[in-house]
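Using the sequences and the hints, build the whole thing.
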Amino acid sequence: MFLSLILATSPTGDEPRSYRADGVDGSGTQTDQMLVRAAQRGDGQAFAALHARYYSRIYRLAYLKTNNAADAEDVASETFLRALASLPRFDFKATNGQAASLYPWLHRIAINLIVDSCRQRPPSSIVSLDAPLIEGMRDLLGDRLPGAASAMSPQEIVERNEIQQLVRSSIAALPSDHSEVLIYRFLGDLSLKEISLEMRRSESAIKSLLHRATVALRAEIRRRVDAVERIDLQSKKSTNNSNEVAQHVGRRSG
Amino acid sequence: MSEDALADYVDARSKQGDNAPEPLDEEARALVGTVKLAEAALGTPMPSEEAERLSRERLVSQLQETVARAPIAEDDKPGIIDRIKRIFKSDG
Numbered sequence: 001m002f003l004s005l006i007l008a009t010s011p012t013g014d015e016p017r018s019y020r021a022d023g024v025d026g027s028g029t030q031t032d033q034m035l036v037r038a039a040q041r042g043d044g045q046a047f048a049a050l051h052a053r054y055y056s057r058i059y060r061l062a063y064l065k066t067n068n069a070a071d072a073e074d075v076a077s078e079t080f081l082r083a084l085a086s087l088p089r090f091d092f093k094a095t096n097g098q099a100a101s102l103y104p105w106l107h108r109i110a111i112n113l114i115v116d117s118c119r120q121r122p123p124s125s126i127v128s129l130d131a132p133l134i135e136g137m138r139d140l141l142g143d144r145l146p147g148a149a150s151a152m153s154p155q156e157i158v159e160r161n162e163i164q165q166l167v168r169s170s171i172a173a174l175p176s177d178h179s180e181v182l183i184y185r186f187l188g189d190l191s192l193k194e195i196s197l198e199m200r201r202s203e204s205a206i207k208s209l210l211h212r213a214t215v216a217l218r219a220e221i222r223r224r225v226d227a228v229e230r231i232d233l234q235s236k237k238s239t240n241n242s243n244e245v246a247q248h249v250g251r252r253s254g
Numbered sequence: 001m002s003e004d005a006l007a008d009y010v011d012a013r014s015k016q017g018d019n020a021p022e023p024l025d026e027e028a029r030a031l032v033g034t035v036k037l038a039e040a041a042l043g044t045p046m047p048s049e050e051a052e053r054l055s056r057e058r059l060v061s062q063l064q065e066t067v068a069r070a071p072i073a074e075d076d077k078p079g080i081i082d083r084i085k086r087i088f089k090s091d092g
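Read top to bottom, the protein sequences are chains A and B. Be aware that the first sequence starts at 1, since it is given in this note's numbering, and climbs by one per residue. Be aware that the second sequence starts at 1, since it is given in this note's numbering, and climbs by one per residue.
These aren't lab readings, by the way, just hints derived from the structure by calculation. Hints may be right or wrong, so weigh each one.
Claimed, not checked - Cross-link-like lysine to any residue pairs, in silico, SDA-like; alpha carbons within 20 Å at most:
id	chain 1	residue 1	chain 2	residue 2
1	A	K237	A	Q247
2	A	K193	B	A5
3	A	K236	A	R224
4	A	K236	A	I134
5	B	K36	B	E50
6	B	K36	B	E26
7	B	K15	A	D189
8	A	K193	A	R212
9	B	K36	A	R212
10	B	K36	A	A151
11	B	K36	A	A216
12	A	K193	B	D11
13	B	K36	A	R138
14	B	K36	A	D189
What the hints assert, rightly or not - Computed, partial: chain A to chain B, Cβ under 8 Å:
id	residue
15	Y59
16	F80
17	M152
18	P154
19	E162
20	I163
21	Q164
22	I171
23	L174
24	L187
25	D189
26	S208
Quantities reported herein were computed from a predicted structural model and do not represent experimental measurements. All C-beta atoms, glycine included, are put in the ideal place defined by N, C-alpha and C.
See the structure below:
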């Protein structure tokens with residue numbers, strides 16, 4: 001299957017060339033196309049570099065879809081085994097000499113694995129946000145007047161796990177082409193041109209889709225923050241009512 | 001136009017991070033916070049080093065099995081397996 005990958009690797013027994021995860025070696029930048037061609041010629045070090053470059057992205061994609069770290073690890077690992085097995089037959093769509101990413105191919109393998117194994121579970125939409133986080137989200141979404149200083153910086157807000165979970169569940173709830181373009185751009189780090197090749201639409205159509213998807217994401221996040229805030233208010237009201245009843249009962253019995 | 005401005009801003013962020021200048025277009029500027037949220041949510045969580053190492057080891061193991069089954073002279077096989085391990089920096 002990938003015997004050539006092994007046999008042609010450093011046949012002299014010397015250490016193979018060293019590729020870095022960012023695709024750069026002593027001789028200059030190695031694009032994915034260069035690494036794939038090298039791996040297809042039997043350079044195992046090139047495939048190791050592709051693994052280092054893409055493992056964490058495929059893990060995050062799998063985590064987004066399975067909402068489970070152990071499943072995400074399995075899917076990511078299996079994706080690279082399948083990729084290794086299929087590498088001899090792989091061909092880049094973009095043959096115009098420009099850099100193209102291996103990510104979409106790995107993305108498709110991972111998604112097929114997730115669908116086949118029925119492990120797809122959208123992120124939980126139940127999150128708890130405290131008041132400063134809700135205020136911070138209102139700032140980030142442009143819901144409040146400029147100058148209304150929140151207790152937290154935008155950086156602190158985007159780094160909070162519960163916010164990231166809320167945003168992931170919002171992305172999962174979008175129409176499929178909206179979530180797909182966001183995943184390709186922000187997770188896969190693909191250019192508009194690469195996304196247009198993958199989604200078979202023009203670059204201007206992808207630009208427009210990215211805009212619509214971002215607007216839709218803002219609306220979905222806003223809807224979820226509103227819902228959390230409503231639940232929070234109801235919970236506070238309910239607690240206040242309980243306290244009042246308890247005080248009332250206490251007065252009567254005392 | 002807002003679509004161009006947003007696409008340019010996203011491109012600039014992927015190269016310059018937080019140093020990317022915010023778009024002048026008002027509609028695109030209103031989406032800056034959403035872009036930051038999407039970036040952060042899709043940029044996490046990071047896999048553990050252990051998970052990545054185990055994934056590399058599965059690749060090595062797969063390659064070793066292929067060598068074991070391959071019509072190669074038995075004397076050559078240990079050398080080939082050593083090379084695979086060095087390539088994937090695996091102790092497995």
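How the hints compare with the structure:
Of the pairs offered as hints, the one joining K237 of chain A and Q247 of chain A holds, with about 15 Å between alpha carbons and a cut-off of 20 Å not exceeded. Distance restraint check for K193 of chain A and A5 of chain B: the Cα-Cα separation of roughly 16 Å lies within the 20 Å cut-off, and the hinted pair is therefore satisfied. Between K236 of chain A and R224 of chain A the alpha-carbon distance is near 18 Å, which keeps this suggested pair within the 20 Å criterion. For the hint linking K236 of chain A to I134 of chain A, the alpha-carbon distance of about 15 Å falls within 20 Å, and the restraint holds.
Restraint check: the Cα-Cα separation between K36 of chain B and E50 of chain B comes to about 29 Å, which exceeds 20 Å; the hinted pair is violated. A hinted pair counts as satisfied when its Cα atoms are at most 20 Å apart, and K36 of chain B with E26 of chain B qualifies at roughly 17 Å. Restraint check for K15 of chain B and D189 of chain A: satisfied, since their Cα atoms lie roughly 10 Å apart, inside the 20 Å limit. In summary, the hint linking K193 of chain A to R212 of chain A is supported, as the alpha carbons are separated by about 17 Å, within the 20 Å threshold.
This hinted pair checks out: K36 of chain B and R212 of chain A have alpha carbons roughly 16 Å apart, not beyond 20 Å. For the given pair, K36 of chain B sits about 18 Å from A151 of chain A by alpha-carbon distance, which is consistent with the 20 Å threshold. Of the supplied pair hints, the one linking K36 of chain B and A216 of chain A holds, its CA atoms being roughly 15 Å apart against a limit of 20 Å. This hinted pair checks out: K193 of chain A and D11 of chain B have alpha carbons roughly 12 Å apart, not beyond 20 Å.
Of the pairs offered as hints, the one joining K36 of chain B and R138 of chain A holds, with about 14 Å between alpha carbons and a cut-off of 20 Å not exceeded. A C-alpha spacing of about 14 Å is found between K36 of chain B and D189 of chain A, which places the hinted pair at or below 20 Å, so the restraint holds. Of the supplied interface hints, the one on Y59 of chain A holds, with its beta-carbon coming within about 4 Å of a beta-carbon of chain B, less than 8 Å. At about 6 Å, the closest approach between the beta carbon of F80 of chain A and any beta carbon in chain B falls short of 8 Å, and the interface hint on this residue holds.
Annotation: M152 of chain A was flagged as interfacial toward chain B, and the flag is violated, the nearest CB pair being 13 Å apart, outside 8 Å. Evaluation of the P154 of chain A hint against chain B yields a held restraint, the C-beta minimum of about 6 Å falling below 8 Å. Given hint, E162 of chain A at the interface with chain B, is violated; its Cβ is 11 Å from that chain's nearest Cβ, farther than 8 Å. The interface hint given for I163 of chain A holds, since its Cβ lies 7 Å from the closest Cβ of chain B, which is under the 8 Å cut-off.
Taking 8 Å as the C-beta cut-off, the interface hint given for Q164 of chain A holds, the closest approach to chain B being about 4 Å. Against a cut-off of 8 Å between C-beta atoms, the interface hint on I171 of chain A holds, since the closest Cβ of chain B lies about 7 Å away. The beta carbon of L174 of chain A is not positioned within 8 Å of any beta carbon in chain B (closest approach about 11 Å), and the interface hint is therefore violated. Here the hint on L187 of chain A is kept, as its CB sits about 4 Å from the closest CB of chain B, short of 8 Å.
The interface hint given for D189 of chain A holds, since its Cβ lies 6 Å from the closest Cβ of chain B, which is under the 8 Å cut-off. Taking 8 Å as the C-beta contact cut-off toward chain B, the hint placing S208 of chain A at the interface holds, the least distance being around 5 Å.
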